[in-house]
Amino acid sequence: MVSVAPMRLFRWWLFFLLLLLPLGMLVEGLLTNDLGADPAKYIVKELGFWALCWLWLTLAVTPLRKFFGWRWLMAYRRMFGLYAFFYAVLHLLAFATFLLGWRWDMLMTELTKRPYIVMGSLALLLLLPLAVTSTQKMQRRLGRRWKKLHLLIYPASLLVLFHFVWQIRSDFFQQLIFAILLAILLGYRLYLKRRS
Amino acid sequence: KLAEAGRNAELSTRETLAPYYNVITHNNFYEFGTDKRDPVRNAQEFKTDPWMVEISGEVAKPGNYHLEDILAPHALEDRVYRLRCVEAWSMVIPWLGFPLADLIKRFEPTSKAKYVQFTTLLDKEQMPGQRGFFSTIKWPYVEGLRMDEAMHPLTLMAVGLYGNALPPQNGAPLRLVVPWKYGFKSIKSIVRIHFSETMPATSWNMTAPDEYGFYANVNPEVDHPRWSQATERRLPSSLLTPNIIDTLPFNGYADQVAHLYKGMDLTQWF
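Which chain is which? The protein sequence lines are A and B, in order.
Here this note's numbering is used: the first residue of the first sequence is 13, the next is one more, and so on.
Here this note's numbering is used: the first residue of the second sequence is 39, the next is one more, and so on.
Any given hint could be a false lead.
[Unchecked claim] A short, non-exhaustive set of chain A residues, derived as facing chain B with CB atoms under 8 Å: (1) D50; (2) S182; (3) D183.
Treat the hints as calculated values from the structure; they're not laboratory data.
Where a beta carbon is used, it is the ideal one built from N, C-alpha and C, also for glycine.
Given only the sequences and the hints, what does the whole structure look like? Please build it.
Here it is in structure tokens:
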């Protein structure tokens, strides 16, 4: 019989490496010069995409736990959330560095002229306090207020969705998928709340 | 014939060329997928021989022509143009082609021909992007020019780039290149050239009329509703020093083409 601890350790590392994988692949692509003719844009897009995925994954923890009874999943929610934040920060840094070259004048134009960039920035701003208060110590210290504070993930996720949808050129397949997923993830919570 | 083409120095820019690799792997050709790298992946089996081009509408000599017959009388020249995408990146590309004006004259447009419309091949078998369920573009892709724009000496019918025949992802076998307009005007893989008295429908204009006008002249003063057009990233760019340059009116071809739009409010006719 396998004892619980190695199993948990194995899972932790599995998730840790799995969520790190897209970043690893970007770095590998960068080193082997295999990111296409516009690596700057590609990196920014990929980091944004995975930040979105991990945010949705974070939001999926509660529904999955309640629906399938996967209580063990709770232990990884913080990791998922922090990964979402980590990728989002890299996404912003890559945007400012690779696409804008830290030109402040352009940063200002982008912020005023590209509404979806405002949406994305706001989302990241909302996620910042969540990342900062993600430690167990902070959780204990804040008590009931911690839970309230972390409700910010809902408006943040809606902003992220708008950030994504607002960039549709012609094909909206991905956006539709993520919108439906978010509707399910948030809708399930509303359903549970109504029932109780 | 490709090999015989000499450079038209007068109409060519002396700016640094984008490497061949960049030109053939970074394409907006939504018929083959919406990602920049989709066309190079999905277009390699694309059949461009035999290829027919229909000439129709207000012309004395309409008909269906073999590509060979379309190209036969024209000597090719090499022209280095700036290509400015509406997405705010740009490249410098050495095209091989001949002036569209020379082609148009052969088919003798009537006095009623005020506009030219171009159509890309419609072929769901070969073009996976046209099968997509979630695209807002109505296929086939169509573009158009006013007659004086079409007859302008800068307007090029391209059949090659970098001394070679056009790769399929760049619009083989025949594409338009209008260097003072956003890239989406330079329609690829043309199967029909239609002359009309009224302004023709154009694909991106139908998809999002508030974002893409019929004229689509490169204009740093008129922003896209969702982003600024004041600057562009000239590809290739390196990660730590993105090659950001100021966008020029008419993509730097104002001397040659600005007179076509005299008296027009370019914020209205964007």
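Each hint, compared with the structure:
no., hint, verdict
1, D50, "holds (6 Å)"
2, S182, "holds (5 Å)"
3, D183, "holds (5 Å)"
Violation of the numbered hints given earlier is absent; every hint is satisfied by the structure.
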